[in-house]
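Number of protein chains: 2
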Amino acid sequence: MREVFQQELREVQDRLVQIAERVESTIQKAVTAFGSSDVALAEQVIDGSAEVDELASGLDELTIDILARQQPVASDLRLTVSALRISSSLERMSDLAEHIAQLARYRYPESAIPQGLRKTFSKMGDIDIKMASKLVALLREQDPQLIEEIRDLDDALDELHVKVFEKVLSEKINADTTGVVDATLASRYHERFGDHAVHITKQINYLLSGDVQ
Amino acid sequence: MREVFQQELREVQDRLVQIAERVESTIQKAVTAFGSSDVALAEQVIDGSAEVDELASGLDELTIDILARQQPVASDLRLTVSALRISSSLERMSDLAEHIAQLARYRYPESAIPQGLRKTFSKMGDIDIKMASKLVALLREQDPQLIEEIRDLDDALDELHVKVFEKVLSEKINADTTGVVDATLASRYHERFGDHAVHITKQINYLLSGDVQ
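Residue numbers (the UniProt record's numbering), protein chains in the order written: chain A, 1 to 213; chain V, 1 to 213.
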């Protein structure tokens, strides 16, 4: 019985890694589609988003089933509850990647990014991709060093988010109204993407140390 | 033992109602602060936001403690897991109310709302308040009729969200760049507020019917 249970907990972990890998490939494609106005790639992201939702729902069902049958306590209970929360954050990260792809599709054949903000958004996209990749590694290996690295990336993302607004409001970037709307939304999506990554690091930290921060 | 358990589940429900009441009063104040550029009220919302986070964390601790000690199954397990999810959505709703209040504070003594969008945002704010009030009732009474009513309100909110962008992009509302940024963010916050309310109705529906939709 105990062995079955440990196998089920490994299954939970494997599925979290699998979903995080999907988020990583989704944000990669979304960032590329956004940066290069690649509408076909944007549509691939949008079409694929339901699959992450299904994977997350499947994992939630498994987790609740484990709670019901195995009635875990202590660290096993923490792991099971954290899995529910992590899957919810991964699902939101996939949604946010989809939103970024949608901006590229809406504005096609124009670019969703005002000229003067291309570098800033390119940096934000690179950070998102790095964060997603480190999340995969964190879920696989639980290396506390990765928690710090993800949080540092989130700080960098927050700085760029502020910079987008400074640039937009300085009116030096010569964006039209559509460009201002798109830049505002895109920047917000990137910022939230980072918040969810940090939220997941908190869950892992809680698993490793029992500490909620 | 069984009686203690039922009492604890009632405690979970009472705390959810209590948090929802806080969200209701928070969104009321945030909407008023945003509509009338009332910076003192906005600051009250911002200062009070940590309290909702604490209430939600306290509820999560209680819920995990119940999972560990009582090892609920079937509908009791569903209720316990749903409580974790509902508290997470309520916490986000409170954060979004805080973001709306922050917009009012940032732009003070100016208004965060471009002139041509005041009516639209006033309607969005009214809908948010109605939704929050119906959520309190739903968490208290689990009346399925309220689920429908909240979803209808969310549809109305989504229509207004589209309308904000139409108006902003038509450039007839004569908004400056700051106005466009603020309107874009505010509209997004209202839309997400509604999404979380619907997310909670799905949890209640799941409790009532076992159906995940």
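Be aware that one or more of the hints could be misleading.
Heads up, the list lumps identical chains together, so a pair's fine if it works in one copy or across two of them.
To be verified - Calculated lysine to aspartate or glutamate pairs in the EDC-like style (CA-CA distance at most 16 angstroms, straight line):
1) K119 x E159
2) K123 x E171
3) K202 x D53
4) K202 x E110
5) K163 x D38
6) K202 x D60
7) K172 x D126
8) K130 x E21
9) K29 x E43
10) K202 x D152
11) K172 x D143
12) K130 x D53
13) K123 x D155
14) K172 x E11
15) K123 x D60
16) K130 x E171
17) K167 x E11
FYI, nobody ran anything at the bench for these hints, they're computed from the structure. None of the values given here were measured: they were computed from a predicted structure.
Here is how each hint holds up against the structure:
| no. | hint | verdict |
| --- | --- | --- |
| 1 | K119 x E159 | within (14 angstroms within a copy, 34 angstroms between copies) |
| 2 | K123 x E171 | neither (21 angstroms within a copy, 30 angstroms between copies) |
| 3 | K202 x D53 | between (22 angstroms within a copy, 15 angstroms between copies) |
| 4 | K202 x E110 | neither (39 angstroms within a copy, 38 angstroms between copies) |
| 5 | K163 x D38 | neither (25 angstroms within a copy, 27 angstroms between copies) |
| 6 | K202 x D60 | between (19 angstroms within a copy, 15 angstroms between copies) |
| 7 | K172 x D126 | neither (24 angstroms within a copy, 36 angstroms between copies) |
| 8 | K130 x E21 | within (12 angstroms within a copy, 40 angstroms between copies) |
| 9 | K29 x E43 | within (10 angstroms within a copy, 40 angstroms between copies) |
| 10 | K202 x D152 | within (14 angstroms within a copy, 35 angstroms between copies) |
| 11 | K172 x D143 | neither (43 angstroms within a copy, 54 angstroms between copies) |
| 12 | K130 x D53 | neither (22 angstroms within a copy, 29 angstroms between copies) |
| 13 | K123 x D155 | within (13 angstroms within a copy, 36 angstroms between copies) |
| 14 | K172 x E11 | neither (52 angstroms within a copy, 55 angstroms between copies) |
| 15 | K123 x D60 | neither (33 angstroms within a copy, 36 angstroms between copies) |
| 16 | K130 x E171 | neither (30 angstroms within a copy, 38 angstroms between copies) |
| 17 | K167 x E11 | neither (46 angstroms within a copy, 49 angstroms between copies) |
Hints 2, 4, 5, 7, 11, 12, 14, 15, 16, 17, counting from the list given before, are not met by this structure.
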